[in-house]
Amino acid sequence: MGAGLSDAHQRPYRRRRAHVVCSSGGATVTRKEYIARQRAEHGRKAVAVLPIHYPKELLTALDLLAVELWGPPGPPRGDAAGRLQTYVCALARNALAFLAAGGADAVDGVLFPHTCDSIQGLATLATDFGGWRKRAFTFLHPRGASRPSARAFLEAEMRSLAGGLEELAGRSLEPPRLTAALRLHAEIDAARAGLLDARPRLAMTDPELYALLRRGEWLWPEDHLAELRAARAAVKDRSVVQGVPVLVSGYVPEPIATLEVLNRAGAFVAADDYAAVGRRVVRAPLPGARAPEDPWALLLDRYWAAPPCPSRSADQGARVRHLEALAERSGPRGVLLHVLKFCEPELFDLPAIRKAFAGRGLPVLVIEGELEAELSAQAVTRIEAFVEMLSTGRAA
Amino acid sequence: MILRRARYEAAGRVVGPLLASLDAWRRRSRSRSRARAPRTSPFGPPLESVRKLKELMSVHYFQGRYAEGAVPVAWVTSGFPVEILRPLGFHAVYPENHAAICGVQRLVPALSDAAEAEGYSRDLCSYARTDLGSVITGRTPVGRLPRPDLLACCTNICQTVLYWYRALAERFRVPLVLVDTPYVYGEARPHHVRYVKDQLEELVQVAERVAGRRAEPEALVEVTRIAKEGSDLWAECLAQGMHRPAPWTAIDGFFHMAPIVSLRGTEACNAYYRLLRDELKERVRRGIGGLRDERHRLLWDNLPIWFAVRQLSTLLAERGFNFVCASYTNAWAEAGSRIDPSDPIGSAAAAYTHVILNQDLPNRLGILRRLARDYGVDGAILHSDRSCKPYSIGQIDLKDRLVSELGVRVLLLEADHSDPRAYATEQGENRLAAFMEGFA
Amino acid sequence: MSAVVAIGVDVGSTTCKAVAIDADGRILAHLVEPTDPRIEPQVERLVAGVRGEAGDLPLGATGYGRKRVEAGRVLTEITCHARGAFARTGRPGVVVDMGGQDTKVIRVGPGGEVVDFAMNDKCAAGTGRFLEVILGRLRVPLADVADVARRAARAVTVSSTCTVFAESEVISLVASGAPTEGIVKGLHLALASRVAALARGAVTAGAEVFMSGGVALNAAMASALQDALGHPVRVLPEPQLIGALGAALAVLPRAA
Chain X
63 MGAGLSDAHQ
73 RPYRRRRAHV
83 VCSSGGATVT
93 RKEYIARQRA
103 EHGRKAVAVL
113 PIHYPKELLT
123 ALDLLAVELW
133 GPPGPPRGDA
143 AGRLQTYVCA
153 LARNALAFLA
163 AGGADAVDGV
173 LFPHTCDSIQ
183 GLATLATDFG
193 GWRKRAFTFL
203 HPRGASRPSA
213 RAFLEAEMRS
223 LAGGLEELAG
233 RSLEPPRLTA
243 ALRLHAEIDA
253 ARAGLLDARP
263 RLAMTDPELY
273 ALLRRGEWLW
283 PEDHLAELRA
293 ARAAVKDRSV
303 VQGVPVLVSG
313 YVPEPIATLE
323 VLNRAGAFVA
333 ADDYAAVGRR
343 VVRAPLPGAR
353 APEDPWALLL
363 DRYWAAPPCP
373 SRSADQGARV
383 RHLEALAERS
393 GPRGVLLHVL
403 KFCEPELFDL
413 PAIRKAFAGR
423 GLPVLVIEGE
433 LEAELSAQAV
443 TRIEAFVEML
453 STGRAA
Chain S
-18 MILRRARYEA
-8 AGRVVGPLLA
2 SLDAWRRRSR
12 SRSRARAPRT
22 SPFGPPLESV
32 RKLKELMSVH
42 YFQGRYAEGA
52 VPVAWVTSGF
62 PVEILRPLGF
72 HAVYPENHAA
82 ICGVQRLVPA
92 LSDAAEAEGY
102 SRDLCSYART
112 DLGSVITGRT
122 PVGRLPRPDL
132 LACCTNICQT
142 VLYWYRALAE
152 RFRVPLVLVD
162 TPYVYGEARP
172 HHVRYVKDQL
182 EELVQVAERV
192 AGRRAEPEAL
202 VEVTRIAKEG
212 SDLWAECLAQ
222 GMHRPAPWTA
232 IDGFFHMAPI
242 VSLRGTEACN
252 AYYRLLRDEL
262 KERVRRGIGG
272 LRDERHRLLW
282 DNLPIWFAVR
292 QLSTLLAERG
302 FNFVCASYTN
312 AWAEAGSRID
322 PSDPIGSAAA
332 AYTHVILNQD
342 LPNRLGILRR
352 LARDYGVDGA
362 ILHSDRSCKP
372 YSIGQIDLKD
382 RLVSELGVRV
392 LLLEADHSDP
402 RAYATEQGEN
412 RLAAFMEGFA
Chain R
98 MSAVVAIGVD
108 VGSTTCKAVA
118 IDADGRILAH
128 LVEPTDPRIE
138 PQVERLVAGV
148 RGEAGDLPLG
158 ATGYGRKRVE
168 AGRVLTEITC
178 HARGAFARTG
188 RPGVVVDMGG
198 QDTKVIRVGP
208 GGEVVDFAMN
218 DKCAAGTGRF
228 LEVILGRLRV
238 PLADVADVAR
248 RAARAVTVSS
258 TCTVFAESEV
268 ISLVASGAPT
278 EGIVKGLHLA
288 LASRVAALAR
298 GAVTAGAEVF
308 MSGGVALNAA
318 MASALQDALG
328 HPVRVLPEPQ
338 LIGALGAALA
348 VLPRAA
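Chains as they are written, first to last, in the numbering used here: chain X, 63 to 458; chain S, -18 to 421; chain R, 98 to 353.
Don't take every hint at face value.
Far from chain S by the CB rule (all over 12 Å, computed), these chain R residues [unchecked claim]: (1) Val129; (2) Lys164; (3) Gln198; (4) Leu232; (5) Ala250; (6) Ser256; (7) Ala294.
Computed, partial: chain R to chain S, Cβ under 8 Å [claimed, not checked]: (8) Cys220; (9) Arg251; (10) Thr254; (11) Ser257; (12) Thr258; (13) Thr260; (14) Glu264; (15) Gly298.
Since the hints were derived computationally from the structure, they do not count as laboratory data. Note that the Cβ used here is the ideal one computed from N, Cα and C, for glycine as well.
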């Protein structure tokens, strides 16, 4: 009631059969159908992947479809819903419930990156105490700066993961395929960066743009690249987006209504630092057109070159500076921090981020989501009030 | 600088102990002079050693007041291999221990308010909020905490300490040395342990730079030996709880744990545990229990509820329930088994990677099972600590398995280790009462 | 004799308010009712009620149910309370709006614009509902609350941070003989301390603090907030109408 939000971009996970399990738009093809088709038509197996950071290139090189699991949104359903306390973030709670209820049965394995304490616990809970019986992989990415110890460890860990994935895929990882995968993902990153950086000239609403970008969480990379390239047609040669520019940082754009309300209130996302989106866009270009001698070295370099993320960095200052640089480039009037309730890595950085932007006279709004199916009226009011505040001074 | 160093040493060796004894003497004469109505306490006679414990910890904090500018100061996480820093002369401050003191004294809400006013969410770990609040306001119940020259963080207890110490590093603008311990799913792979070892070697260089001196290998061997001995002594103390009646309670254990955490690797720590061990053995010999009338034996899982620890243990003791073991105190006894003075760095890498919180749930269940069997418990309380995800995640499943596999009665108690605002006293005590009634 | 030129409605979750203002922003007529779930007919009736003889007028809407109203301008309560407060004071400051289910702290700038704002979290313990629920249990009518609190010799601490748990805590307190007046005073202190925590960042040394919203009609609340903040708090005249006033001002012909 009252909110009048269209639910075209939002299908709450209400029914027993998960229909759309993230706000990647369109109800025409479900992820389950897509996974089935990939298997039937291309012989590709699928691996569900928990957030956030993982070497997707390895999966691509082994012809494995990565299907990311960001939730799903909505309240956790099924018997396993109560196995995690209510003070654990919705991502972990929903994921456990989803896995245990058979929501991921279409895939052949699950990969758990060591993102935080909650996902760390989720991995052992699901695989050791019930919830996921098929293959499980872990990826313990190092934390902190690129020390020699961390570089050596990351390589060993990636090779170890590759070994496990090879078994699942039933093939070995050939260096030329890894090189090709690196190239493909670098092109995808460039295409994503292209759309994000051209935002003011992009004739799309934020929900449309994010739906497109988030389909990359489960599409076969080549399919995703094709969609990104097609979207280039929407980039005009002059500014077309009206409204107040806002810098958004946070975990995942869920519910997508958050951005819909932002748009309707008269603002748009001028710069993105979502863990699910902007923080995974590597902007370092690949060295030259010739195949690099050592694709592994390149794979490692790209890991370290990604934008700072509190789930793996030990340098808060670097994160703040990155956000400030984003703001310099995109000229926002305000900053929206769309965090997930109970998410420690994000929450610990809030005061430093607030302080940095206060110093620049940029108001900050924190919206604490819970991967809810629908945005609360209170959250809607906050976003609208924020945009009203940022709009003062412009012509009514 | 020399003057400050002299003052620091005097504080630790002379003035501190003197003040501590004076304070203890004052307390004793106060209690003697007070006309007391005889009270029937459900507990056995208090441990004599506790006086020495108070002195030891008071001296440590007292000395800390004079540490700044006198010796290099490190703020250290409880699971950090502090043996690496000791030979370099660091004064080690344990913000977690300090926060526990604040928890007991009910200072957390006020300190947390200060942190929350800066934008820290109340959903964050209460130890971190307490520490940040103390840093922001300068308020502390221990007189004065010396500013760090180095922050030493090991993620073997949780990832939160990294976010916390990272924020401290921004605030204090000092180096942060990180020991990132990969979580052990099943078995630790060779490259995981090698990573930890490599990090230890890297951090020595940073620590040496901050301390302004080189680490002597013999000194490290010696400290490692002392740390291992300390851990073994602590294990001996805990093992006394296997006797019937147990000569002390696990709640006492939470307080007596302070030296093995904050003074690990020092002779003072080991001397204290020898004293405590001997007293406990004597009590066992004479049949003196932690409770007057021990009728039921319980296991405690997770951190204690610092602000209600006395209240809760009394409530249970009054009905004859004693905590004879705890997974939390046990953690410091286990660590020692892998420490090897002949290979300080390599063994530290293995030891600190395998602490309870850095290993998967089957391992945790194994520990709880073993404790339950060795200590002959008939019930367990799993503290569902809102502030501690790594410890609390999986408890619901652990509870089910303890009940079905061991036939023990288990209560899951929702609270927080140091923020009383997260604990509904009435509801909690109601659950405890119902739990106890089930033991008829 | 001034004429009505604009109307503002504030469709709150607890009460629905309508005001009719003249060209100088003076409230000429107002109506307050508990909010009916059928908002549209209620709003129509209230608008007709304050409009009097005047014909169709510009309508501004705010509050929880604002989007259900066919209004010329729809704005959030934050913006409207800021405008309404500024119209009353002519000065910048901090507005603490305590409503039935919501508490907001709004920093108002020198031109009446919103500089910053904060809202209480999803929980009711920092809102009027907290008082309503527990006073109901104590059977103290809302009209008598200020007097009852004033009579208390000292406040009885209510420590639960949750409304539901506080309710059972209060029942125990009553059972153990704690005086009702002391409990009522303690409840106000508990609520005030939560609101103060929300407001602390905004209330700087020289800032003026104003109160608006229905709960501001309770004198005990204003004084408890003053104590908790350690800062003078001024209750705006007709505090419950501030939001509707702001909404009406937003549609004043040739409004700034």
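Does the structure break any of the earlier hints, and which numbers would those be? 6, 7, 8, 9, 10, 13 and 14
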